[in-house]
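Asks: What follows is each chain in one-letter form.
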Amino acid sequence: MIKIENLKKRFGRFQALDGLSLEINDGDIFGFVGPNGAGKTTTMRICAGLLKADSGAVYIDDVNVLGKQNEIKQYFGYMPDFFGVYDNLKVIEYMEFFAAAYGMYGKDAYNLSCELIELVNLGDKKDFMVDTLSRGMKQRLCLARCLIHNPSLLVLDEPASGLDPKTRVELKEILKNLQQMGKTILISSHILTELAEMCNAIGIVDKGKTVLQGNIDTIMNDINSANPIIVGVEGELDNALRFIKEQVEVKDVFVEDGKLSIKINGQEDAQLLRKLIMNDISVTSFIRKQSNLETLFMNTVGKSEVVE
Amino acid sequence: MKKNAITMKDMQTASRSNKTLIGLIFIVGAMAAVSIVVYAVMNYIYTTEDYSSMSLSTFITVFSVMSYVIFFIYNLIIPSITGSAVSAEREKQTLEILLTTRLSSFQVVWGKMKAIMYKMTIYYVVMFPIIGIVMTVGGVRFTDILLVYVTIIAMTFMLGSAGMWISCVAKKTTISIIISYFVCLFVEVGPFITTMWITNAQVSQAYLKNQTPVISVELLLLLLITPISTIRVAMTNIVGGSADLRTLIFDSYYFDTGNINHPRVFEFLLNHWVILSIGVQIVIGFFFLFLAAKFLNPVLSANVKKKGRNKTANIQTSRARRNKNTTDSGETEEITSEEVTDSVETISDNTETTEETV
Ligand SMILES: Nc1ncnc2c1ncn2[C@@H]1O[C@H](COP(=O)(O)OP(=O)(O)OP(=O)(O)O)[C@@H](O)[C@H]1O
Ligand SMILES: [Mg+2]
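Keeping their order, the protein sequence lines are chains G and E. For the first sequence, this note's numbering assigns the number 1 to the initial residue and increments by one for each residue that follows. For the second sequence, this note's numbering assigns the number 309 to the initial residue and increments by one for each residue that follows.
Honestly, the hints are just simulated from the structure, not real lab data. Since the structure is predicted, the reported quantities are computational estimates derived from the model, not experimental observations. Backbone N, C-alpha and C fix where the C-beta goes; we use that ideal spot for every residue, glycine too. A hint or two may mislead.
Mimicking BS3-like on lysine-lysine, the simulated pairs with C-alpha atoms at most 25 Å apart in a straight line are [claimed, not checked]:
hint: 1; chain 1: G; residue 1: Lys52; chain 2: E; residue 2: Lys480
hint: 2; chain 1: G; residue 1: Lys125; chain 2: E; residue 2: Lys400
hint: 3; chain 1: G; residue 1: Lys8; chain 2: E; residue 2: Lys327
hint: 4; chain 1: G; residue 1: Lys251; chain 2: G; residue 2: Lys209
hint: 5; chain 1: G; residue 1: Lys126; chain 2: G; residue 2: Lys138
hint: 6; chain 1: E; residue 1: Lys480; chain 2: G; residue 2: Lys68
hint: 7; chain 1: G; residue 1: Lys125; chain 2: G; residue 2: Lys107
hint: 8; chain 1: E; residue 1: Lys422; chain 2: E; residue 2: Lys517
hint: 9; chain 1: E; residue 1: Lys311; chain 2: G; residue 2: Lys107
hint: 10; chain 1: G; residue 1: Lys52; chain 2: G; residue 2: Lys3
hint: 11; chain 1: E; residue 1: Lys422; chain 2: G; residue 2: Lys126
hint: 12; chain 1: G; residue 1: Lys107; chain 2: E; residue 2: Lys422
hint: 13; chain 1: E; residue 1: Lys602; chain 2: G; residue 2: Lys90
hint: 14; chain 1: E; residue 1: Lys327; chain 2: G; residue 2: Lys90
hint: 15; chain 1: G; residue 1: Lys166; chain 2: G; residue 2: Lys126
hint: 16; chain 1: G; residue 1: Lys275; chain 2: G; residue 2: Lys251
hint: 17; chain 1: E; residue 1: Lys422; chain 2: G; residue 2: Lys52
hint: 18; chain 1: E; residue 1: Lys400; chain 2: G; residue 2: Lys126
hint: 19; chain 1: G; residue 1: Lys259; chain 2: E; residue 2: Lys311
hint: 20; chain 1: E; residue 1: Lys422; chain 2: G; residue 2: Lys275
hint: 21; chain 1: G; residue 1: Lys126; chain 2: G; residue 2: Lys68
hint: 22; chain 1: G; residue 1: Lys52; chain 2: E; residue 2: Lys327
hint: 23; chain 1: E; residue 1: Lys422; chain 2: E; residue 2: Lys400
hint: 24; chain 1: E; residue 1: Lys311; chain 2: G; residue 2: Lys52
hint: 25; chain 1: G; residue 1: Lys138; chain 2: E; residue 2: Lys400
Facing chain G, a subset of chain E residues (Cβ under 10 Å, in silico) [to be verified]:
hint: 26; residue: Ser325
hint: 27; residue: Arg410
hint: 28; residue: Gln519
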């Protein structure tokens, strides 16, 4: 488990991180969400050992690794939000170079490089020059690069930015694969729909602080339970409306788009449905309105930050 | 020697770069031109003067010319390749990635330095035939060529490490190269000018007072850092003859007439000049290399970025604005191809601004 605790970082007079804390379980794909300037990259750079935190701790299995360059270099695979590719170097050579940077040479390095290149579906580009690759390919190559020392934690800064939908799906597959291989992955992104599909846990940060974090299903449930239930009924609405209003558990009800919108506590929805049916109200649909991560994001972070 | 990933990569990319080819052509061209001139001069001496009047000093002159040219070429090359060594990695945004690998920041700069010394060796090997031809005339042995090589590598190491440090500190490659050239110039001529100026002053002062001038040996120590002094003495040793530091660096007159404040130190310096100055240059080289490594160490140099804070903040806001566009187009489920290219454009814009930030 990796635990980031009360991380603080100040740039001049600007407090970029102001007591940020995160808890990431082993095997998680953890979505790290926040508006621009929230401090995501700063946090990741601190985790990668590229930046010194003013205070706070990063625990890996209860050992604080902050300031211990060797541990950090061993456990973390960091992929920044830029590529960093060389001219005049082929894909395979690029990988071999980074293998060498980890002390692997010769046949071993070559085999490992090939393996990783295959893993990110770049097998057919092995002999291409790195700087001629497309954006999506570079992104995958960089992912392969940060896997070269077999880190148990991957820290990926906006890996999906600028990718077309098809490439994003590919990336997602790769990440799922990596998760199955036992890696813990921390991804930052603004693209929330992406994270919703990929991650099993998220943490929302704003202004250098954690606003909300936890299992994605739990969070979604919590949020959704505040949402109204939309009920469609056959025939006249008035009858049903009157009946529903009489029920004690119902907090509010109104008609919206020819359907009933009922505010009710999370646990009592099944009971309501039973009552409706028993009272001969023909229910055609009964669903709780789903919020997506966007609304969640807007609600927690505040609209002004995201929308102009 | 242990393998260094950076060295291997640098050599690999350099072998494919046009710059290397241009560099080699330049060097071969320059050396060929010089050897033609030297040959013409020699020919002139042979034909106009009596063969028997060919004195050793003629050879010395020829070799001085050669050594100056070699040194001039190296002084032209070293700042331009070392000055860009680290800042180019920074501009390609690969520096940070390197620092997250198992390589320490010293291994990064040391690897780069090694690559530069290899390149200089290749340049020397390319010049080898031309040097050889010229040297043979003076009856020069292989070990002499080796000695010249060692002095050149020592110079490369010192000037290169200084350039490397500058390249770490300076944000932009061009600025770093320009500063490196100035440093190079300063190292080559600064000590000469200082020493000569002070010695002159001492001598004329003494004459004014009708005293015998006393030259301070300490002044000579300053010259140890100057690679030109090394190569000149080395060349003199190769050619043989009476010329030593006294005649090469100062007007021997001072040393004949003036007293030396520490004659035995002076003697020692003269006899071991080449090895001493090479030693000094290597020590200075390591000093700058360690400085550079220290500077690169991310955890130690976290304060470096504070200065550009205001600028960064501005860029950050414009970046934020742009990122917003990307986010919007990224979030819609169905993305038209137009939007995709649009967002890709904004992103590549972003990368440019980040480069500035970095
Ligand atoms: N080197 C630096 N010098 C000064 N300020 C910095 C530096 N790095 C980051 N900051 C500031 O810290 C804040 C957080 O930046 P950070 O890059 O972590 O945000 P982010 O969450 O990654 O944003 P984005 O979504 O745009 O990538 C920003 O306001 C930024 O201006
Ligand atoms: Mg960021």
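Asks: Take the hints in turn and mark each one as holding or not.
Replies: Structure-based check of all given hints:
1. In summary, the hint linking Lys52(G) to Lys480(E) is supported, as the alpha carbons are separated by about 24 Å, within the 25 Å threshold.
2. A distance of roughly 21 Å separates the Cα atoms of Lys125(G) and Lys400(E); the hinted pair therefore holds under the 25 Å criterion.
3. At roughly 45 Å between alpha-carbon atoms, Lys8(G) and Lys327(E) are farther apart than 25 Å, so this suggested pair is violated.
4. Proximity of Lys251(G) to Lys209(G) is assessed by CA-CA distance (about 34 Å); at most 25 Å being required, the pair is judged violated.
5. Under the criterion of a C-alpha separation no larger than 25 Å, the hint pairing Lys126(G) with Lys138(G) is consistent with the structure, at around 12 Å.
6. Distance check on the hinted pair: Lys480(E) and Lys68(G) sit about 30 Å apart at the alpha-carbon level, beyond 25 Å; violated.
7. Simply put, Lys125(G) and Lys107(G) have alpha-carbon atoms about 19 Å apart, close enough for the 25 Å limit, and the pair holds.
8. Simply put, Lys422(E) and Lys517(E) have alpha-carbon atoms about 53 Å apart, too far for the 25 Å limit, and the pair is violated.
9. For the hint linking Lys311(E) to Lys107(G), the alpha-carbon distance of about 15 Å falls within 25 Å, and the restraint holds.
10. Taking the CA atoms of Lys52(G) and Lys3(G), the gap is about 17 Å. The hint holds against a cut of 25 Å.
11. Of the pairs offered as hints, the one joining Lys422(E) and Lys126(G) is violated, with about 28 Å between alpha carbons and a cut-off of 25 Å exceeded.
12. A threshold of 25 Å between alpha carbons decides the hint, and for Lys107(G) with Lys422(E) the separation of about 24 Å falls inside it, so the pair holds.
13. Only pairs whose Cα atoms come within 25 Å are accepted, and Lys602(E) paired with Lys90(G) is rejected, the gap being roughly 31 Å.
14. Between the alpha carbons of Lys327(E) and Lys90(G) the distance comes to roughly 18 Å, so the proposed pair stays at or under 25 Å and holds.
15. With a C-alpha separation of about 21 Å, the suggested pairing of Lys166(G) with Lys126(G) holds against the 25 Å cut-off.
16. At roughly 16 Å between alpha-carbon atoms, Lys275(G) and Lys251(G) fall within 25 Å of each other, so this suggested pair holds.
17. Between Lys422(E) and Lys52(G) the CA atoms are separated by roughly 29 Å; this puts the pair beyond 25 Å, and the hint is violated.
18. Under the criterion of a C-alpha separation no larger than 25 Å, the hint pairing Lys400(E) with Lys126(G) is consistent with the structure, at around 21 Å.
19. Between the alpha carbons of Lys259(G) and Lys311(E) the distance comes to roughly 73 Å, so the proposed pair goes past 25 Å and is violated.
20. Our distance criterion of 25 Å between C-alpha atoms is broken by Lys422(E) and Lys275(G), whose separation comes to about 82 Å.
21. For a cut-off of 25 Å, the pair hint linking Lys126(G) to Lys68(G) is broken: about 35 Å separates their Cα positions.
22. For the proposed pair Lys52(G) and Lys327(E), the alpha carbon gap of about 37 Å is over 25 Å, so the pair is violated.
23. Between Lys422(E) and Lys400(E) the alpha-carbon distance is near 20 Å, which keeps this suggested pair within the 25 Å criterion.
24. At most 25 Å may separate the alpha-carbon atoms for a hinted pair to count; Lys311(E) and Lys52(G) exceed this at roughly 30 Å.
25. Distance check on the hinted pair: Lys138(G) and Lys400(E) sit about 14 Å apart at the alpha-carbon level, within 25 Å; holds.
26. Residue-level restraint check for Ser325(E) holds (minimum Cβ-Cβ distance to chain G is 6 Å; threshold 10 Å).
27. A least Cβ separation of about 5 Å between Arg410(E) and chain G falls short of the 10 Å threshold, and the interface hint therefore holds.
28. For the restraint placing Gln519(E) at the interface with chain G, the shortest Cβ-Cβ distance is roughly 60 Å, beyond the 10 Å limit, so the hint is violated.
The earlier numbered hints that this structure contradicts are 3, 4, 6, 8, 11, 13, 17, 19, 20, 21, 22, 24, 28.
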